[in-house]
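Residue numbers (the numbering used here), protein chains in the order written: chain A, 1 to 155; chain B, 1 to 155; chain C, 1 to 423; chain D, 1 to 423.
These aren't lab readings, by the way, just hints derived from the structure by calculation. Take these hints with a grain of salt, some might be off.
[Said to hold, decoys possible] So the derived label-pair ranges between C-beta atoms look like this:
no., chain 1, residue 1, chain 2, residue 2, range
1, C, Ser3, D, Ser411, 35 to 41 Å
2, D, Asp260, C, Pro333, 44 to 50 Å
3, D, Asp224, A, Thr102, 30 to 36 Å
4, D, Arg418, C, Pro254, 49 to 55 Å
5, A, Glu79, D, Leu13, 53 to 59 Å
6, A, Thr102, D, Ala201, 41 to 47 Å
7, D, Arg12, C, Ser3, 47 to 53 Å
8, D, Arg12, A, Ile108, 41 to 47 Å
9, D, Asp197, C, Asp62, 39 to 45 Å
This one's a predicted model, so the numbers in the text were calculated from it and none came from an experiment. All C-beta atoms, glycine included, are put in the ideal place defined by N, C-alpha and C.
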Amino acid sequence: MAESGLLEDLYREIILDHYRQPRNRNAAIEPTCSADGANPLCGDQVRVDVALVDGVIEAISFSGQGCSISQASASMMTEYAKGRTAAEALHGVEAFQQMMLTGVAPDIEGFDDIASLVGVAKFAARVKCASLGWKTLAQALAEGGGTVTTDDGSR
Amino acid sequence: MAESGLLEDLYREIILDHYRQPRNRNAAIEPTCSADGANPLCGDQVRVDVALVDGVIEAISFSGQGCSISQASASMMTEYAKGRTAAEALHGVEAFQQMMLTGVAPDIEGFDDIASLVGVAKFAARVKCASLGWKTLAQALAEGGGTVTTDDGSR
Amino acid sequence: MTSIADLPAVERLPYDIARIRRDFPILKREVASGAHLVYLDNAATSQRPVQVLAEITRFYRDHNANIHRAVHTLSVEATELYEQARSKVARFIGAADPREIIFTRNTTESINLVAHAWARKFLKPGDEVVVSEIEHHSNIVPWQMLRDERGITLKYIPMLPDGTLDLDAAQSIITERTRLVSITAMSNALGTIVPLDVITARAKAVGALVLVDGAQSVPHMPVDVQALGVDFLAFSGHKMLAPFGIGVLWGRLPLLDSMDPFMGGGDMISTVSMERSTWADVPAKFEAGTPNVGDAVALGAAVDYLTALGMDEVRRHEREITDYALRRLADVPGVTIFGVPDADRRGGVISFELEGVHPHDIGQVLDTRGVAIRTGHHCAQPVMLALNVPATARASFYIYNTTAEVDALASGLEEVARFFGVK
Amino acid sequence: MTSIADLPAVERLPYDIARIRRDFPILKREVASGAHLVYLDNAATSQRPVQVLAEITRFYRDHNANIHRAVHTLSVEATELYEQARSKVARFIGAADPREIIFTRNTTESINLVAHAWARKFLKPGDEVVVSEIEHHSNIVPWQMLRDERGITLKYIPMLPDGTLDLDAAQSIITERTRLVSITAMSNALGTIVPLDVITARAKAVGALVLVDGAQSVPHMPVDVQALGVDFLAFSGHKMLAPFGIGVLWGRLPLLDSMDPFMGGGDMISTVSMERSTWADVPAKFEAGTPNVGDAVALGAAVDYLTALGMDEVRRHEREITDYALRRLADVPGVTIFGVPDADRRGGVISFELEGVHPHDIGQVLDTRGVAIRTGHHCAQPVMLALNVPATARASFYIYNTTAEVDALASGLEEVARFFGVK
Ligand SMILES: Cc1ncc(COP(=O)(O)O)c(C=O)c1O
Ligand SMILES: Cc1ncc(COP(=O)(O)O)c(C=O)c1O
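Could you put together the complete structure from these sequences and hints?
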């Protein structure tokens, strides 16, 4: 079918795999910092818990509900972050946001699965879904944790 | 000129005559009833004073300022009303309004000059000007006098 | 002001769906995937027929001027067209007098106007306003803001699990302290048609006014304000073939007369001095500043278009499509439809979920097949809360939709299920 | 949201008046008498070029949908177009961030928004708002309503006999108690250009905010909000080639953030429960309900049109026409021009009287010659009071007007004088 190409561009198999079998979801960890994220108009919700020991993300868990893109992206985010330093993880958040903006997958270590989300950049309405988990991670690592929203009021 | 016909339709010579030499304007009378009229968006103002004796309009005066149509029409109105009973005068007001609505001059006694205003009916924006004096007369004759406006808020 | 009696009669046309569809060239559009558009997002906004678009262009190209009693030809013409549109709208909803029609931007502004110009003038702390749990945010938030500012009490008629209102509860929720019942005629999230007669009877029994949110009823079924016996009616042009940017508040004339203005500015005044101002009569009192003349005139054309079809026929057509869709979608494995499963008691709006697939993903996959539905909370978060879902998928119909388009939706949903591996 | 930097550049075109006039087919119209239209009522509303009309049609025929983050193609496209228009407007007035652009219906709503969402939140009884005697009613009435409701003090900077403001008086009228100076950039009744720098300097010295009514400046001259150093700017699309029904409030981001919403409803919320609601971020917080997407997009096209001409060139052209008209009309026996007789200090607006002829009659006779001017109080009754006239006749110019049209006005006035027997 004509539309299949487009659809499979967005929903790569690896994304559906993370959606169906999310990694580090509701993992039993002892968090040192956490944050909640929401995409109000979509109803997506994500909570990120991080166990940060000596600047290294020893363990991470996410929970929540939402569309396949938001949940798969959060799942991939946890795989990426686990074992990295907070600084490295924030660098990853940066790279992810850049990918959403430019539609070009960065050639950096650990982004193999994540690069499959590059197709999302073509779908303006979905970028917020994909970014939710990453923004929430950044918020958790920032002092104080708290709540983020990907709804910037710009419709 | 092409436009002259249209213009002379509106501004018949007799109208300009009443405008330049208004009848019963600022006449020194002893009024028994009065009313003020205004056409706020145009700035037209008319005051009508009536000396009503045994149901007959013995004397009448108008004052005010405004466009040629409003002032000429008020002048003609005073000529018509003078010497008539209040009931007759109100009948004239009725006939005048009807003329503005239908664009047809009524064939009634005393309307010779007044019929020259029939062309106003074609100019929606001017009907209010022409009606001002007449409405104010009706208001003066109605119990209590008071203020009328030809601005019905309908733009 | 054009009187209703002076309006030209609108000739009735047969309900010919092929002809109707030709009036909407956008329906021939393709989306990125190459699929043909199947537009099922009509509760959000309708499409516009060429007749309405032509009217906009004609107005601006031939008659454009500001209105307000100017003496030059264009302005006289523009004023006449604007007031004629007001009369057309009055006739369309059975209003007694064109002055009862206030042009606003949309339903939201119409309701806010009542909350400011009527409620802030007449309501005291402790007075009650009653809405329902199935309202659009536009009929909730203005009353919450009023409550927080003025100390009135806001009460909700609850929703039953089938998406209808609890009419028994309504009887006790509407009390002698109730000053206003502000209620939707049809839920945009669930399609529920509200029995306005029951609500209105109770409101009138306690001396309360009734405001009807007609955003979803005026476009889709015959509405006669005098038969309804209500006091205010709010609706939006953009959901009924007219452009964005034009809405209506209808109110009873003495009621409108008793109210203070909402916004201040040009054209709503009678006199202005530096010390004080006096107000113009209705409707000007509520139309501060230069109005949206062009889109009001286009709303007149939209109303003519609907009148030619006949609102009874519009309702009949939508009822048929909805009935078909309720049965067709129920056959798709995994689909659950929210609300009453009866096309007689709902408008052409179907909210549903597909097991295991988030609404956003449903909408995305359908879009690649050209099928445009809405997903989300539909500006009715209390309904989502009551249904215990974060969001729903919603298909909504209008005059140009066909059963073939319902089939496209249904087979699209089967593809969604397959794609996401729903068993 | 489209960032300003991502907008396509607009190519500058030479100021070719013949080409410009071809873009406005209405200028070829005839009035009832058969005379050609000479449209000199631009301060009331401008005409619209084919480019803007085409944009409206294109939007509705190809991309029409409601916005608000829906997932289907049309809605994504409509959202992009709407946000792109916001960015175009931001660039046009030199705003730092597109989120500072709030779409309203018109200048009047923009000012009322500030009166509600800022003033009603932050002002206390005794606080002062300063306007001027030459304001349009839209910048007087909202503050009178606020005064009467909340007990603030409203003060006026007086007008001098030549139609300029008394700037010395302004220094003492704006005091430490002044919280807001709300001032027009150009009078629509007299054309006076207000020295905003002087007023703003004084306002800033006492810590007051400055709202500029830009209804007559944004369409006619370069405006840069950052260079002006003011806090709010209000203007209307319909006076600058865009359709009716779309206006703008610009405000500084932190200021907008600090304000409460104006109207409540869909799209201005973040969450709604039956108990309470939270607000969306700006600009959504101030755009309750379905916005006027189509006309906003068309405003973007209008702004592009003006940008291609260059606002410096627009001002130059209008200054020339005004200069010519001031001299030409002064030659007509019986004509008195109000306001400063200096085209450098006034915009393209000329209010005048003709001895012995009421303005309404002037307008009527001119109309039969196709010459469209406005007569009346121009929504500036305090100015009429100060001039001690019931009304004036007003000619106002825009990008397409020519000196030949000024001649048509002047010879028309000579005919008026002859007709009414003015010696
Ligand atoms: C200086 C000025 N302010 C405000 C307004 C009001 O504009 P609008 O009617 O578009 O709200 C106008 C328009 O007449 C104006 O000229
Ligand atoms: C029932 C209902 N009420 C109110 C509204 C708000 O309409 P608008 O956004 O045009 O103001 C809508 C539109 O979504 C609606 O469906």
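Against the structure, the hints come out as follows:
| no. | hint | result |
| --- | --- | --- |
| 1 | C:Ser3 x D:Ser411: 35 to 41 Å | 40 Å, holds |
| 2 | D:Asp260 x C:Pro333: 44 to 50 Å | 48 Å, holds |
| 3 | D:Asp224 x A:Thr102: 30 to 36 Å | 31 Å, holds |
| 4 | D:Arg418 x C:Pro254: 49 to 55 Å | 51 Å, holds |
| 5 | A:Glu79 x D:Leu13: 53 to 59 Å | 55 Å, holds |
| 6 | A:Thr102 x D:Ala201: 41 to 47 Å | 45 Å, holds |
| 7 | D:Arg12 x C:Ser3: 47 to 53 Å | 51 Å, holds |
| 8 | D:Arg12 x A:Ile108: 41 to 47 Å | 43 Å, holds |
| 9 | D:Asp197 x C:Asp62: 39 to 45 Å | 43 Å, holds |
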